[in-house]
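S.K.: Spelled out from the first residue to the last, the chains are:
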Amino acid sequence: MELRAYLIADEPYYRSIGNEVWLFEAAYARRIPLMLKGPTGCGKTRFIEYMAWRLGKPVITVACHEDMTASDLVGRYLLDRQGTVWWDGPLTLAVRHGAICYLDEIVEARQDTTVVIHPLTDERRVLPLEKKNELVHAHPDFQIVISYNPGYQSILKDLKESTKQRFGALEMGYPAAEIEAEIIAYEAGVDPVLAGHLVAIAERSRNLKGHGLDEGASTRMLVHAGQLVAQGIGLREACEVALVLPITDDPDIRDALSAAIAACV
Amino acid sequence: MLETEIRELLAELAGDDGTSAASADHLAAEARRHIPAKLLADWQRQCRALAGAGLSTGTRWGYVRHSLVVAEQLGAQAAFQLAESVRQIAYIAGRRAAQALPHAAAAAVRRLGTPGAFRLWLNTVERYAPQMPDVLAALLEHTDRVLGQVGIAGYEAWVLNGLRASGGDRARRHAYFTFSDPDAERALMREAGEIVYADLDRRLTTYLTALWRLRLMVRAVGGSPGRPLPRRASFDGGVVWVPETLPGVPAAAAVDLFRASLAHVAAHAMFSGDRFAVGGLKPLQIALVSLIEDARVELLALQAFPGLRRLWLPFHEARPGGAVTAPTLMARLARALIDPDYRDGDAWVDKGRAMLFARRVSLHDPTISRGIGNLLGNDLGQMRVQFNARSYIVEPAYRDDNLGLWDFGDDRSDNAEGTDIFDLVRIAPQTGDDTRPDPCRQEQAPEEAVNRARPADAAAQEEGVPVARYPEWDYVIARERRDWATVVEYAPVPGAAFTIEQFLKRRSDVVNRITALVRSARVSRPVRVRRRLDGDRLDIDAAIEAMISRSAGETPDPRIYMTSERRHRDLSVLLLLDISESTNDRVHEDGATVLDLERQSTALLAHAMAELGDLFAIHAFCSNGRNEVRYQRLKDFATPYDNQVKANLAGLTAGLSTRIGIALRHAAADLRRQPTLRKVVLVITDGEPSDIDVQERRYLVEDARKAVITLNHEGIDVFCVGLQSDGDRYLTRIFGRRNAVQVDRLELLPEKLPLLYFRLTS
Numbered sequence: 003m004e005l006r007a008y009l010i011a012d013e014p015y016y017r018s019i020g021n022e023v024w025l026f027e028a029a030y031a032r033r034i035p036l037m038l039k040g041p042t043g044c045g046k047t048r049f050i051e052y053m054a055w056r057l058g059k060p061v062i063t064v065a066c067h068e069d070m071t072a073s074d075l076v077g078r079y080l081l082d083r084q085g086t087v088w089w090d091g092p093l094t095l096a097v098r099h100g101a102i103c104y105l106d107e108i109v110e111a112r113q114d115t116t117v118v119i120h121p122l123t124d125e126r127r128v129l130p131l132e133k134k135n136e137l138v139h140a141h142p143d144f145q146i147v148i149s150y151n152p153g154y155q156s157i158l159k160d161l162k163e164s165t166k167q168r169f170g171a172l173e174m175g176y177p178a179a180e181i182e183a184e185i186i187a188y189e190a191g192v193d194p195v196l197a198g199h200l201v202a203i204a205e206r207s208r209n210l211k212g213h214g215l216d217e218g219a220s221t222r223m224l225v226h227a228g229q230l231v232a233q234g235i236g237l238r239e240a241c242e243v244a245l246v247l248p249i250t251d252d253p254d255i256r257d258a259l260s261a262a263i264a265a266c267v
Numbered sequence: 005m006l007e008t009e010i011r012e013l014l015a016e017l018a019g020d021d022g023t024s025a026a027s028a029d030h031l032a033a034e035a036r037r038h039i040p041a042k043l044l045a046d047w048q049r050q051c052r053a054l055a056g057a058g059l060s061t062g063t064r065w066g067y068v069r070h071s072l073v074v075a076e077q078l079g080a081q082a083a084f085q086l087a088e089s090v091r092q093i094a095y096i097a098g099r100r101a102a103q104a105l106p107h108a109a110a111a112a113v114r115r116l117g118t119p120g121a122f123r124l125w126l127n128t129v130e131r132y133a134p135q136m137p138d139v140l141a142a143l144l145e146h147t148d149r150v151l152g153q154v155g156i157a158g159y160e161a162w163v164l165n166g167l168r169a170s171g172g173d174r175a176r177r178h179a180y181f182t183f184s185d186p187d188a189e190r191a192l193m194r195e196a197g198e199i200v201y202a203d204l205d206r207r208l209t210t211y212l213t214a215l216w217r218l219r220l221m222v223r224a225v226g227g228s229p230g231r232p233l234p235r236r237a238s239f240d241g242g243v244v245w246v247p248e249t250l251p252g253v254p255a256a257a258a259v260d261l262f263r264a265s266l267a268h269v270a271a272h273a274m275f276s277g278d279r280f281a282v283g284g285l286k287p288l289q290i291a292l293v294s295l296i297e298d299a300r301v302e303l304l305a306l307q308a309f310p311g312l313r314r315l316w317l318p319f320h321e322a323r324p325g326g327a328v329t330a331p332t333l334m335a336r337l338a339r340a341l342i343d344p345d346y347r348d349g350d351a352w353v354d355k356g357r358a359m360l361f362a363r364r365v366s367l368h369d370p371t372i373s374r375g376i377g378n379l380l381g382n383d384l385g386q387m388r389v390q391f392n393a394r395s396y397i398v399e400p401a402y403r404d405d406n407l408g409l410w411d412f413g414d415d416r417s418d419n420a421e422g423t424d425i426f427d428l429v430r431i432a433p434q435t436g437d438d439t440r441p442d443p444c445r446q447e448q449a450p451e452e453a454v455n456r457a458r459p460a461d462a463a464a465q466e467e468g469v470p471v472a473r474y475p476e477w478d479y480v481i482a483r484e485r486r487d488w489a490t491v492v493e494y495a496p497v498p499g500a501a502f503t504i505e506q507f508l509k510r511r512s513d514v515v516n517r518i519t520a521l522v523r524s525a526r527v528s529r530p531v532r533v534r535r536r537l538d539g540d541r542l543d544i545d546a547a548i549e550a551m552i553s554r555s556a557g558e559t560p561d562p563r564i565y566m567t568s569e570r571r572h573r574d575l576s577v578l579l580l581l582d583i584s585e586s587t588n589d590r591v592h593e594d595g596a597t598v599l600d601l602e603r604q605s606t607a608l609l610a611h612a613m614a615e616l617g618d619l620f621a622i623h624a625f626c627s628n629g630r631n632e633v634r635y636q637r638l639k640d641f642a643t644p645y646d647n648q649v650k651a652n653l654a655g656l657t658a659g660l661s662t663r664i665g666i667a668l669r670h671a672a673a674d675l676r677r678q679p680t681l682r683k684v685v686l687v688i689t690d691g692e693p694s695d696i697d698v699q700e701r702r703y704l705v706e707d708a709r710k711a712v713i714t715l716n717h718e719g720i721d722v723f724c725v726g727l728q729s730d731g732d733r734y735l736t737r738i739f740g741r742r743n744a745v746q747v748d749r750l751e752l753l754p755e756k757l758p759l760l761y762f763r764l765t766s
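These protein sequence lines are chains P and H, in that order. Residue 56 in the numbering used here is what sits at position 54 of the first sequence, and the numbering runs on without skipping anything. Residue 246 in the numbering used here is what sits at position 242 of the second sequence, and the numbering runs on without skipping anything.
Source of the hints: derived by calculation from the structure; they are not laboratory data. No residue lacks a Cβ here, since even glycine has one placed at the ideal position from N, Cα and C. Just so you know, not all the hints are guaranteed correct.
Partial list, derived from the structure: chain P residues whose beta carbon lies under 7 Å from chain H [stated by the list, open to error]:
1. 79
2. 174
3. 175
4. 210
5. 212
6. 213
7. 217
8. 258
9. 262
10. 266
Result set (DSSO-like, lysine-lysine): computed pairs, CA atoms no more than 27 Å apart in a straight line [said to hold, decoys possible]:
11. H:509 with P:162
12. H:756 with P:211
13. P:39 with H:286
14. H:756 with P:166
15. H:509 with P:211
Some but not every residue of chain H turned toward chain P, in silico, with C-beta under 7 Å [to be verified]:
16. 33
17. 36
18. 146
19. 206
20. 207
21. 211
22. 307
23. 513
24. 548
25. 551
All chains, please: the whole structure from these sequences, using the hints.
M.R.: Take a look at the structure:
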């Protein structure tokens with residue numbers, strides 16, 4: 003098996019917040035392409051890893067960026083001493099050998115790049131390699147999952163309607179306060195009371211979404227703050243390092259956020 | 005001997021101005037006293053020289069009088085320098101300024117006190133005189149005020165600030181230096197090192213948003229002669245008033261005090277319910293109910309945000325013991341209620357505390373404040389403790405005056421800021437008393453003055469200036485009629501810029517979203533270009549293809565590199581607003597009018613364009629027959645987007661008809677002169693083209709279509725945003741299917757327009 007390196011060996015920690023595990027399994031059973039929507043750091047990638055582990059399938063993750071070309075996804079001819087050799091791109095690899103292909107932040111990629119996935123997302127389930135003149139039929143285990151963060155940039159960059167309509171979507175968000183505290187307590191190894199404080203602090207920064215911040219503090223950031231506290235850093239300082247400074251350069255917002263954090267404890 | 009000479013000189017200077025002999029005698033004696041004998045002759049020479057320079061009697065006489073003050077304080081040399089400056093200023097800035105200088109110098113001497121500082125002041129005045137000849141006299145008249153607040157150190161900075169802020173606009177310069185522009189006062193406070201609320205507004209309102217998701221409108225209230233700065237914050241409905249500065253509070257503490265104050269008001273906003281009815285309550289009871297209510301909302305806020313205690317407690321300075329007066333007891337009670345570690349010992353204070361703590365579980369019920377406050381008021385009354393409602397001020401300093409908590413049963417509280425709460429209780433309701441300052445009015449004053457001036461100026465306003473004639477297209481004969489319509493330009497009538505600011509603030513979510521968009525659409529964003537002859541990286545696909553071609557024996561394509569380029573936005577946009585009569589229609593019953601929405605969306609769009617650095621102009625049009633296509637320039641390409649533009653926008657009024665083609669041609673005349681590559685007209689219109697002298701509907705549609713085609717040929721893109729649901733028919737005909745957009749839900753226009761703009765121009 004080619005994709006042993008892409009298998010998830012140990013169970014990743016994932017705290018289910020709704021029926022998303024069940025929904026994903028159902029979609030996978032029929033190989034319906036899925037779109038995970040949600041703000042950054044809310045656990046989309048972790049969820050995919052967890053599902054891959056649960057289903058016992060390898061997962062190939064591609065972080066999309068605006069310079070990505072179709073060749074970066076499907077593959078290209080490279081040169082060696084004898085001449086040209088074909089190199090399968092990550093998408094082709096997943097299609098051929100039956101992995102879950104996870105395209106992270108797909109809106110970042112240019113629209114003409116993303117259309118290569120179209121034939122894979124309907125009943126055809128094929129990937130035409132035009133340069134190689136090959137038609138790859140998808141392995142039965144293959145499934146495509148994309149993440150899509152409908153942020154403010156979506157006016158300038160958005161998925162084509164024809165791309166969007168090929169996917170089912172799971173909405174993910176920051177978990178409810180108690181669950182989030184539980185996650186932080188587990189991941190950072192801090193006591194639940196402190197984790198509760200961190201969640202209250204996160205609420206302050208999420209209130210500023212659209213009022214100076216593009217996005218509030220994510221669960222991931224809270225875990226970082228918790229980890230710093232577990233290392234013996236004071237809570238206020240840990241929050242400054244992990245929650246305030248990374249998300250804003252605006253002195254007014256920074257001051258407001260720091261003061262609001264001070265009010266929480 | 006000398007004294008006679010001086011008297012002669014003075015008589016000579018006075019001319020037949022009728023200066024009394026007595027004052028001349030007095031001045032001669034003064035001169036003898038303050039100017040050393042050996043320099044007296046020099047001083048006389050200076051006086052004569054001023055007379056010789058053709059200055060007015062007033063100036064000469066002013067110099068004689070005030071130079072003696074200068075000489076007395078700083079020595080005769082300073083007085084001589086002053087004479088030199090007076091001549092200079094007269095030459096540069098005219099007689100009026102020269103006449104103001106000696107008097108100003110006397111004031112400066114009192115404020116400055118050393119010859120060095122005085123010389124510095126004179127130099128500063130001389131240096132800036134050429135840049136502000138028209139307002140120099142005004143500057144000099146305010147010498148005492150400015151130097152008194154900022155000293156010589158901040159003087160130049162303040163003057164420069166005024167020059168920069170007005171950017172060559174005479175009217176604004178005049179407003180600044182005569183202090184009719186509130187910015188002047190604010191700048192003065194800033195120079196004086198005081199914390200000005202306006203500088204903190206964004207961070208403090210953001211702070212409240214972070215805590216409670218609350219957007220409070222905070223307005224700073226300044227003091228002015230005859231009206232002291234308010235000492236406490238105040239709130240009423242959704243608006244909070246705070247003092248513009250906190251005199252006597254050190255800068256570091258001022259930030260905390262503003263913050264504590266707003267956090268307290270926010271606690272009211274979150275937890276105080278309906279206003280209490282005053283009913284038959286006495287002033288003391290009102291004060292106590294307010295005090296308990298303050299503590300109640302703070303305790304509730306502390307449940308969620310225990311850290312607020314660190315913010316509020318430092319201001320509670322009350323200690324046990326001391327004189328037993330109502331204010332001290334109340335300050336102690338205020339502290340006892342929110343400071344768990346405080347022990348007072350006074351039976352009344354302890355009783356108040358015990359009563360509130362007994363209700364700890366039902367804190368959410370506002371009626372407990374009233375109950376406890378009444379009981380405590382009765383107790384205090386029985387203790388025969390004096391309470392003077394006139395002099396009572398809420399303590400500690402961060403708490404508001406509690407006016408917003410009470411319902412006085414009439415509409416006075418609407419603008420009751422700055423009033424003593426107890427006035428409202430004692431004085432029988434009496435409307436029409438409008439001497440009380442209204443904080444809103446203060447900043448609006450200049451604009452209101454303009455509004456009020458409108459009827460008087462109406463005649464002048466009605467007089468537009470015909471500026472150009474344009475052809476119109478008659479589709480029936482398929483020919484243009486030359487010089488058919490006349491464009492008449494009218495000066496925009498400024499309204500209250502404040503309303504636009506307020507709107508932007510209310511929709512700060514949209515403004516922020518736009519700002520975020522602007523950042524990502526910003527001008528110089530690097531774009532990767534592939535297949536280049538040279539570049540800093542290999543284009544891997546091109547390189548491989550080249551190698552393949554070479555192996556295959558073909559000529560390889562040498563363009564195998566890639567590089568990054570910055571693409572600049574090279575764009576001018578002219579926003580053309582239709583302000584015809586139909587824009588007076590209301591979108592919903594009792595809702596905003598179409599014009600309001602146009603105004604709001606223009607404000608948002610202008611904000612975005614200004615942030616992007618795009619060149620843009622805002623013009624508006626309506627028409628009254630072909631000989632009067634009215635055109636207003638709210639903002640031109642060259643003028644900055646500032647308060648003046650916002651005022652023009654706020655002052656727009658709707659009327660008459662829509663002759664769109666002519667307006668487009670006139671707009672194009674402006675755009676043609678723009679040096680940018682891309683030129684865009686964005687029309688916002690709510691209805692089909694029409695005019696009083698045109699019966700046939702199709703005529704103006706076809707003319708507009710022709711105008712658009714002509715503009716397109718010249719490389720000017722025309723886009724249209726239609727505000728009428730059935731506009732599709734003719735708008736598509738005029739602008740083309742791709743260049744006309746219908747907005748179906750008008751309420752969304754303010755949000756939609758900037759986004760549309762991004763799409764059009766990116």
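S.K.: In ascending order, which of the hints set out earlier in this document are inconsistent with the structure?
M.R.: 2, 3, 7, 11, 13, 16, 17, 18 and 22
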